[in-house]
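J.: Chains as they are written, first to last, in the numbering used here: chain A, 1 to 197; chain B, 1 to 204; chain C, 1 to 200.
By construction, these hints were calculated from the structure, which means they are not laboratory data.
All of these numbers come straight from a predicted model, not from anything done at the bench.
Honestly, I wouldn't trust all of these hints.
Looking from chain B toward chain C, a few residues come up when the C-beta cut is under 10 angstroms (computed) [said to hold, decoys possible]:
(1) Cys-18
(2) Cys-21
(3) Gly-26
(4) Ser-89
(5) Phe-93
(6) Gly-94
(7) Pro-121
(8) Thr-134
(9) Trp-137
(10) Gly-139
(11) Asn-141
(12) Pro-142
(13) Ile-164
Pairs of lysine-lysine, DSS-like flavour, derived with a Cα cap of 30 angstroms [to be verified]:
(14) B:Lys-33 to C:Lys-33
(15) A:Lys-14 to C:Lys-173
(16) C:Lys-60 to A:Lys-195
(17) C:Lys-173 to A:Lys-195
(18) B:Lys-138 to B:Lys-76
(19) B:Lys-38 to C:Lys-33
(20) B:Lys-33 to B:Lys-8
(21) C:Lys-92 to B:Lys-8
(22) A:Lys-191 to C:Lys-173
(23) B:Lys-68 to B:Lys-8
(24) A:Lys-121 to B:Lys-8
(25) C:Lys-93 to A:Lys-14
(26) C:Lys-173 to B:Lys-33
(27) B:Lys-43 to C:Lys-173
(28) A:Lys-66 to B:Lys-8
(29) C:Lys-60 to B:Lys-43
(30) C:Lys-176 to A:Lys-66
(31) B:Lys-43 to B:Lys-33
(32) C:Lys-176 to A:Lys-191
(33) C:Lys-125 to B:Lys-68
(34) C:Lys-125 to A:Lys-66
(35) B:Lys-132 to B:Lys-43
(36) B:Lys-46 to C:Lys-125
(37) A:Lys-14 to C:Lys-60
(38) B:Lys-43 to B:Lys-76
(39) B:Lys-8 to C:Lys-93
(40) C:Lys-93 to B:Lys-148
C-beta: ideal position from N, C-alpha, C; glycine also.
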Amino acid sequence: MSNRLKLITSGFIKNNPTFVLLLGMCPTLATTTSAINGMSMGLATLFVLVLSNMAISALAPYVPDKVHIPVYIVVIATFVTLLQFIMQAYTPAMYETLGLFIPLIVVNCIVLGRAEAFASKNGVLDSACDGLGVGLGFTCSLTVLGLVREILGSGSVFGWNFIGGHDGMLAFVLAPGAFICLGYLMVLFNKIANKNK
Amino acid sequence: MAVQSNLKNMALVLTLTCLFCSAILGGAYALTKDPIDKAAEAKTAKAIGAVLPEFDATSYETVSVDGKDFNYYLAKKGSETVGYAVESSTSGFGGPLSLIVGITADGVVYNTSVLSHSETPGLGAKCTTDEKFTSQWKGLNPSEKILKVKQDNGDIDAITASTITSRAYTLAVQNALSVVSVITGANPDATTGATSSKEETSNE
Amino acid sequence: MEYFLIIISAIFVNNIVLAQFLGICPFLGVSNKLSTATGMSGAVCFVITLATLVTYLINKYLLLPFNLEFLQTIAFILVIAALVQMVEIVLKKISPSLYQALGIFLPLITTNCAVLGVAINVVTKEFTFGQAAHMLNLGESLVYAFATSLGYGLAMVIFAGIREHLSMNDVPKAFKGVPVALITVGILAMAFMGFSGMVK
Numbered sequence: 001m002s003n004r005l006k007l008i009t010s011g012f013i014k015n016n017p018t019f020v021l022l023l024g025m026c027p028t029l030a031t032t033t034s035a036i037n038g039m040s041m042g043l044a045t046l047f048v049l050v051l052s053n054m055a056i057s058a059l060a061p062y063v064p065d066k067v068h069i070p071v072y073i074v075v076i077a078t079f080v081t082l083l084q085f086i087m088q089a090y091t092p093a094m095y096e097t098l099g100l101f102i103p104l105i106v107v108n109c110i111v112l113g114r115a116e117a118f119a120s121k122n123g124v125l126d127s128a129c130d131g132l133g134v135g136l137g138f139t140c141s142l143t144v145l146g147l148v149r150e151i152l153g154s155g156s157v158f159g160w161n162f163i164g165g166h167d168g169m170l171a172f173v174l175a176p177g178a179f180i181c182l183g184y185l186m187v188l189f190n191k192i193a194n195k196n197k
Numbered sequence: 001m002a003v004q005s006n007l008k009n010m011a012l013v014l015t016l017t018c019l020f021c022s023a024i025l026g027g028a029y030a031l032t033k034d035p036i037d038k039a040a041e042a043k044t045a046k047a048i049g050a051v052l053p054e055f056d057a058t059s060y061e062t063v064s065v066d067g068k069d070f071n072y073y074l075a076k077k078g079s080e081t082v083g084y085a086v087e088s089s090t091s092g093f094g095g096p097l098s099l100i101v102g103i104t105a106d107g108v109v110y111n112t113s114v115l116s117h118s119e120t121p122g123l124g125a126k127c128t129t130d131e132k133f134t135s136q137w138k139g140l141n142p143s144e145k146i147l148k149v150k151q152d153n154g155d156i157d158a159i160t161a162s163t164i165t166s167r168a169y170t171l172a173v174q175n176a177l178s179v180v181s182v183i184t185g186a187n188p189d190a191t192t193g194a195t196s197s198k199e200e201t202s203n204e
Numbered sequence: 001m002e003y004f005l006i007i008i009s010a011i012f013v014n015n016i017v018l019a020q021f022l023g024i025c026p027f028l029g030v031s032n033k034l035s036t037a038t039g040m041s042g043a044v045c046f047v048i049t050l051a052t053l054v055t056y057l058i059n060k061y062l063l064l065p066f067n068l069e070f071l072q073t074i075a076f077i078l079v080i081a082a083l084v085q086m087v088e089i090v091l092k093k094i095s096p097s098l099y100q101a102l103g104i105f106l107p108l109i110t111t112n113c114a115v116l117g118v119a120i121n122v123v124t125k126e127f128t129f130g131q132a133a134h135m136l137n138l139g140e141s142l143v144y145a146f147a148t149s150l151g152y153g154l155a156m157v158i159f160a161g162i163r164e165h166l167s168m169n170d171v172p173k174a175f176k177g178v179p180v181a182l183i184t185v186g187i188l189a190m191a192f193m194g195f196s197g198m199v200k
């Protein structure tokens, strides 16, 4: 059991997809205009990660090696489309905000990467825990980046404005700010992570 | 891998996977179609409710003005026409700017609402939040005001540093007004066609 | 005239990497050498244009008429995976040296958000390009896809050039590698923002 717990917690620091594995950069930069958006994107990816890891782990023994990439991709695409249906029906506003990046979860290197590196070689429950860990790590990274960009760029925290209706430093909500914030956060993360080593 | 990679196995597994997944998706699609449609309807009702006074039924129609098709919602309360919610879209600064303009039967703008835009945050994107800009459309009578931004010798206050967005917005409202004048017969140059009718209660 | 606007818009105003955030992973991964950056751009260009052509046709003649839009994601990604496999085979025969140089990044074009992103955008979004908002037809889509990949190439080549210089400079230890690259891209993105508003 503690083995499974380790799988989950390693997704935060040791295997953090954003700061360590450097995967899933596109949604990281594009959807973190606010903390809520970042968190929603992270949770959406978590949903796909856990389910596709479990499905692929169950299917892996029956898939011929040469055709395993297309098969995994089809499985992941199925879960992404399911997610699209669910979000369209029950969270239409967030679905529109995240827009193109929901179907792009299919090509999120994290999902295929974990399927390839872990799920295809381990049991269903272990793969679920791995997906959960990496997904939670991803969600945390996105939420932190979104929070930083939101505080600096719009002067609000999770939608609660604290600078009285004025605009913040807009550059942080736009494209350049995303890259620059992520760069600095990466430096910070490396410093913290290396201090604990 | 436990299964051999010959052509038969590969084709079999891939085809089976695709068929199985498509079947799952087909089923899920059928299951979620209703909630998705309901969510879309609620969104439209909310949009119309924001730009027109109280109504209890709408019908979705199309009218052709100057060779271009415009969609609008005809809102009624009982048998009386409350107004028209016209979908009007123009080219903004960063992409299409889509508005829904609520015009009462007497040709006065009741309110406007932005459906979608690609404007710059903090500048053109203020077309949805800037009180000074959005409030001037409420109750705007086209016979009393020139529908151009002040920079073009009109009466409309543009958003600070976002003249292009403001121009696009003004043009969209102008188009909506000319659509309504065609519908109400002030200008007989048009063809109309009803596409669907809906019984709906307005919110608030 | 409209095609010219499409090209300018796709390369400069709405650059796929610097404004739309698509294709970042390979962008950061391949751009430390100018030669691999150019090779990668060429491969991506070919895949994006061809993929957009095939997915547009599939969407128009297979998915829409039979109400199968919900299969869009699966269908599109399968097309892209097949195309990349094809490019791999062709490249191995024509230019084995380039094939070796690109290494793992060639099959990774399948997971390049830019390819799937452009394919989906073209069939779902409305564009203006100097006219009223409309969905693109096949010709406009192809020009858009090709120009987008040119913009990708441009961004990659500029960035690779900068990175080659950066690697010879004294970067603080904590910033070495990806962080300083990200900050550089941010400044590059800021520069490209100057193009906004050029094409309505």
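J.: A separate judgement is required for each hint: does it hold in the structure or not?
T.: Hint check results:
1. Cys-18: At 8 angstroms from the nearest chain C Cβ, Cys-18 (chain B) passes the 10 angstroms test, so the hint holds.
2. Cys-21: Interface hint status for Cys-21 (chain B): holds (7 angstroms vs cutoff 10 angstroms).
3. Gly-26: Status holds, d = 8 angstroms.
4. Ser-89: Ser-89 (chain B) check passes; min Cβ-Cβ to chain C is 5 angstroms, inside 10 angstroms.
5. Phe-93: Result: holds, 6 angstroms to nearest chain C Cβ.
6. Gly-94: At about 7 angstroms, which falls below the 10 angstroms cut-off, the nearest Cβ of chain C leaves the hint on Gly-94 (chain B) intact, so it holds.
7. Pro-121: Hint violated; Pro-121 (chain B) Cβ to chain C Cβ min 12 angstroms, cut 10 angstroms.
8. Thr-134: The hint is violated - Thr-134 (chain B) has no Cβ within 10 angstroms of chain C, the shortest such distance being about 21 angstroms.
9. Trp-137: Hint violated; Trp-137 (chain B) Cβ to chain C Cβ min 21 angstroms, cut 10 angstroms.
10. Gly-139: With a minimum Cβ separation of about 28 angstroms from chain C (threshold 10 angstroms), the hint on Gly-139 (chain B) is violated.
11. Asn-141: Violated, about 27 angstroms.
12. Pro-142: The hint is violated - Pro-142 (chain B) has no Cβ within 10 angstroms of chain C, the shortest such distance being about 22 angstroms.
13. Ile-164: Since the shortest Cβ distance to chain C is 7 angstroms, the answer is holds.
14. B:Lys-33 to C:Lys-33: Distance ~49 angstroms between Lys-33 (chain B) and Lys-33 (chain C) Cα, so the pair is violated.
15. A:Lys-14 to C:Lys-173: Holds, at about 20 angstroms.
16. C:Lys-60 to A:Lys-195: violated (55 angstroms)
17. C:Lys-173 to A:Lys-195: Given pair Lys-173 (chain C), Lys-195 (chain A) holds - Cα atoms ~14 angstroms apart, limit 30 angstroms.
18. B:Lys-138 to B:Lys-76: Roughly 20 angstroms separates the two Cα atoms, so the pair holds.
19. B:Lys-38 to C:Lys-33: Roughly 52 angstroms separates the two Cα atoms, so the pair is violated.
20. B:Lys-33 to B:Lys-8: violated (37 angstroms)
21. C:Lys-92 to B:Lys-8: holds (25 angstroms)
22. A:Lys-191 to C:Lys-173: holds (10 angstroms)
23. B:Lys-68 to B:Lys-8: Violated: Lys-68 (chain B) and Lys-8 (chain B) sit about 55 angstroms apart, past 30 angstroms.
24. A:Lys-121 to B:Lys-8: holds (24 angstroms)
25. C:Lys-93 to A:Lys-14: violated (41 angstroms)
26. C:Lys-173 to B:Lys-33: violated (54 angstroms)
27. B:Lys-43 to C:Lys-173: Distance of about 52 angstroms is beyond 30 angstroms: violated.
28. A:Lys-66 to B:Lys-8: holds (12 angstroms)
29. C:Lys-60 to B:Lys-43: Between Lys-60 (chain C) and Lys-43 (chain B) the Cα gap is close to 27 angstroms, so the pair holds against 30 angstroms.
30. C:Lys-176 to A:Lys-66: violated (38 angstroms)
31. B:Lys-43 to B:Lys-33: Roughly 15 angstroms between the alpha carbons, so the hint for Lys-43 (chain B) and Lys-33 (chain B) holds.
32. C:Lys-176 to A:Lys-191: holds (12 angstroms)
33. C:Lys-125 to B:Lys-68: holds (20 angstroms)
34. C:Lys-125 to A:Lys-66: violated (36 angstroms)
35. B:Lys-132 to B:Lys-43: holds (25 angstroms)
36. B:Lys-46 to C:Lys-125: Distance of about 23 angstroms is within 30 angstroms: holds.
37. A:Lys-14 to C:Lys-60: With Cα atoms ~45 angstroms apart, Lys-14 (chain A) and Lys-60 (chain C) exceed 30 angstroms; violated.
38. B:Lys-43 to B:Lys-76: With Cα atoms ~19 angstroms apart, Lys-43 (chain B) and Lys-76 (chain B) stay inside 30 angstroms; holds.
39. B:Lys-8 to C:Lys-93: holds (26 angstroms)
40. C:Lys-93 to B:Lys-148: violated (62 angstroms)
Consistency note: the structure conflicts with the earlier hints numbered 7, 8, 9, 10, 11, 12, 14, 16, 19, 20, 23, 25, 26, 27, 30, 34, 37, 40.
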